[in-house]
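Input sequences plus hints: build the corresponding full structure.
As you go down the protein sequences, you meet chains H and F in turn. Residue 859 in our numbering sits at position 164 of the first sequence; the count goes up by one each step and never skips. Residue 53 in our numbering sits at position 52 of the second sequence; the count goes up by one each step and never skips.
Bear in mind the hints are in silico, worked out from the structure with no lab data behind them. Keep in mind that the hints are not guaranteed to be accurate.
[What the hints assert, rightly or not] Beta-carbon label-pair distances, calculated as ranges: (1) H:948 to F:94: 22 to 32 Å; (2) F:39 to H:755: 14 to 24 Å; (3) F:83 to H:1000: 28 to 38 Å; (4) F:83 to H:879: 14 to 24 Å; (5) H:823 to F:4: 11 to 21 Å; (6) H:1000 to F:39: 51 to 61 Å; (7) F:44 to H:947: 15 to 25 Å; (8) F:81 to H:1053: 39 to 49 Å; (9) F:111 to H:811: 27 to 37 Å; (10) H:852 to F:83: 23 to 33 Å; (11) F:111 to H:967: 52 to 62 Å.
Remember, predicted model here, so these are calculated numbers, not experimental data. In this text, a Cβ means the ideal position worked out from N, Cα and C, and glycines have one as well.
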Amino acid sequence: MTVQIAGVASTEFGEHPDSSTRELFTDAALEALADASLTPGDVDELYAGNFIGDLIDDQAHVGAMAADYLGARQAASMRTESACASASSAARSGAQAIMAGDADVALVGGVERMYAAGIQEVTDALANAADNEYENKAGLTFPGIYALMAQVYLDEFDVSQEDLAEVAVKNYENGVTNPLAQRQEETSVERVLDSPPVATPLNLGDCCPITDGASAAVLVSNSFTEEHGIETEVSFEGSGQSTDSLALQDRPDLARTRAAERAADQAYDSAGIAPEDVDVVELHDCFTIAEVLAVESLGFFERGEGVRGAVEGETAVNGRIPVNTSGGLLAKGHPVGATGVAQLVEITKQLEGRHPNQVDDSTIGLTHTVGGSGASCVVNVLRAGGE
Amino acid sequence: MQRWFIDFAERIDDGDPIYLACEECGQAALPPRTVCPECSSRALEERSLSETATVTAATTIYSSTPRYADETPYTIVVATFEEGVRLTGQLRGADEVERGDDVLLDAESDGDGHWLVTFTPST
Ligand SMILES: [Zn+2]
Chain H
696 MTVQIAGVAS TEFGEHPDSS TRELFTDAAL EALADASLTP GDVDELYAGN FIGDLIDDQA
756 HVGAMAADYL GARQAASMRT ESACASASSA ARSGAQAIMA GDADVALVGG VERMYAAGIQ
816 EVTDALANAA DNEYENKAGL TFPGIYALMA QVYLDEFDVS QEDLAEVAVK NYENGVTNPL
876 AQRQEETSVE RVLDSPPVAT PLNLGDCCPI TDGASAAVLV SNSFTEEHGI ETEVSFEGSG
936 QSTDSLALQD RPDLARTRAA ERAADQAYDS AGIAPEDVDV VELHDCFTIA EVLAVESLGF
996 FERGEGVRGA VEGETAVNGR IPVNTSGGLL AKGHPVGATG VAQLVEITKQ LEGRHPNQVD
1056 DSTIGLTHTV GGSGASCVVN VLRAGGE
Chain F
2 MQRWFIDFAE RIDDGDPIYL ACEECGQAAL PPRTVCPECS SRALEERSLS ETATVTAATT
62 IYSSTPRYAD ETPYTIVVAT FEEGVRLTGQ LRGADEVERG DDVLLDAESD GDGHWLVTFT
122 PST
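Below you can see the structure in the form of structure tokens.
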């Protein structure tokens, strides 16, 4: 059973003080359904990614809330939560429901509202993705965890903070032309290096912003497209998900994301492709170092060489393997529970040929989303050529 | 805090820290595991852990969670023990350490049930 992507949408990413978790999700879901020429009544299964709603909104049971407010009470609904990879899990779950023959239409998405809480409260909530006793309670923040990974990486591979900053420069440049991006401005190596320290060696300019936003996609079965005369241009081709130790301290190599390596292997296998077949990538650049580790774990660069992507232009829109043409988490923004589907929205637009930073002749696209410091990772593969 | 972590920290505080060793594959792990993360054996034996370790990575935190907001900047260390486990703790007795430096393991309590692993430079 092949899975087709019939419609996608993201809200603007940034600050939505007058909206709410349920309204943001509904906005994205309705737009994705309209893009698919379907209605809420068509939805069989709904998976909604959300990470910190319990803490920020005092609201759990987000799956039911999302389906209720979408006007899709007939749907089986569930929240998916795997930290920052929550929405990628939603997409994977929806595709699996269709492949299993349990659903013809799956609405998958995610939503997060972060701005309303202060920076300390958000930092506290995000730290819940880490090991509470061994990391969070010790005062290790999320940027701190990635800073530890960065320190090991910079030292072992003789990479500089300037090199890492080039990742932000590239992604900010891509964000300038993305109308939904939170930061539509360029940055420079100097600006990143001169920005306030967050957790050494990472500065504010190395970190993604806090973001309100929602994303949604409508996945449909092949038989449904045939019965209803729906034309699609992109299929959900394969997926992988894996796990690593919850705490960074339990990994043999702090600067290596094994869950991502395993998820990528699975995803490549299930899609019947190899890393060199991939034309365009949205990956989890929550911090500059994260993009470098990601391009290595996905097999695009050898260990220790990932920074070459940004420094030498290999991951630019017109490069060998374009990465984060949306601006990535760094510039597009990172509403944590929505990010995986936000990436899927961007890749779908690339493969449909309607992306603001269009990559020529792209056929195969990939999303890579990391939960926590790499304790979970989801990789989803899309292919142009629908039904 | 969870009971298992309080027990773990109190053993450090008593100068008698422990770790878990897998009798099947030799993997070193930290409490409260029932199952070896490498080979799934349940034959995990409690053994004594050294009180010195080597710094694998350290970061100075400038933007913290509310609990530590009044203490920034402070430094977090991940240190590796010869038994094969690593621990994360706050640096005491210095502002910074380098990778490869030796540190001494200790634990602090705020008297209100919150325990914290700490490291102090050993030279
Ligand atoms: Zn074992």
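Each hint, compared with the structure:
1. As the Cβ distance of residue 948 (chain H) to residue 94 (chain F) is approximately 29 Å, the hint placing it in 22 to 32 Å holds.
2. Hint check: residue 39 (chain F) to residue 755 (chain H), Cβ distance near 34 Å, so the stated range 14 to 24 Å is violated.
3. The hinted window of 28 to 38 Å between residue 83 (chain F) and residue 1000 (chain H) holds, with their beta carbons roughly 32 Å apart.
4. Range check, residue 83 (chain F) to residue 879 (chain H): Cβ separation about 51 Å, and the 14 to 24 Å hint is violated.
5. In this structure the supplied range 11 to 21 Å holds for residue 823 (chain H) paired with residue 4 (chain F), their Cβ-Cβ distance being about 20 Å.
6. A hinted range of 51 to 61 Å for the beta carbons of residue 1000 (chain H) and residue 39 (chain F) is inconsistent with their spacing of about 29 Å.
7. In this structure the hint that residue 44 (chain F) and residue 947 (chain H) lie 15 to 25 Å apart at CB holds, the actual value being about 21 Å.
8. Between residue 81 (chain F) and residue 1053 (chain H) the CB atoms are about 47 Å apart, so this pair conforms to the stated range of 39 to 49 Å.
9. Hint check: residue 111 (chain F) to residue 811 (chain H), Cβ distance near 30 Å, so the stated range 27 to 37 Å holds.
10. Judged by the Cβ atoms, the range 23 to 33 Å given for residue 852 (chain H) and residue 83 (chain F) holds: they are separated by roughly 26 Å.
11. As the Cβ distance of residue 111 (chain F) to residue 967 (chain H) is approximately 55 Å, the hint placing it in 52 to 62 Å holds.
Checked against the numbered hints given earlier, the structure breaks hints 2, 4 and 6 and satisfies all the rest.
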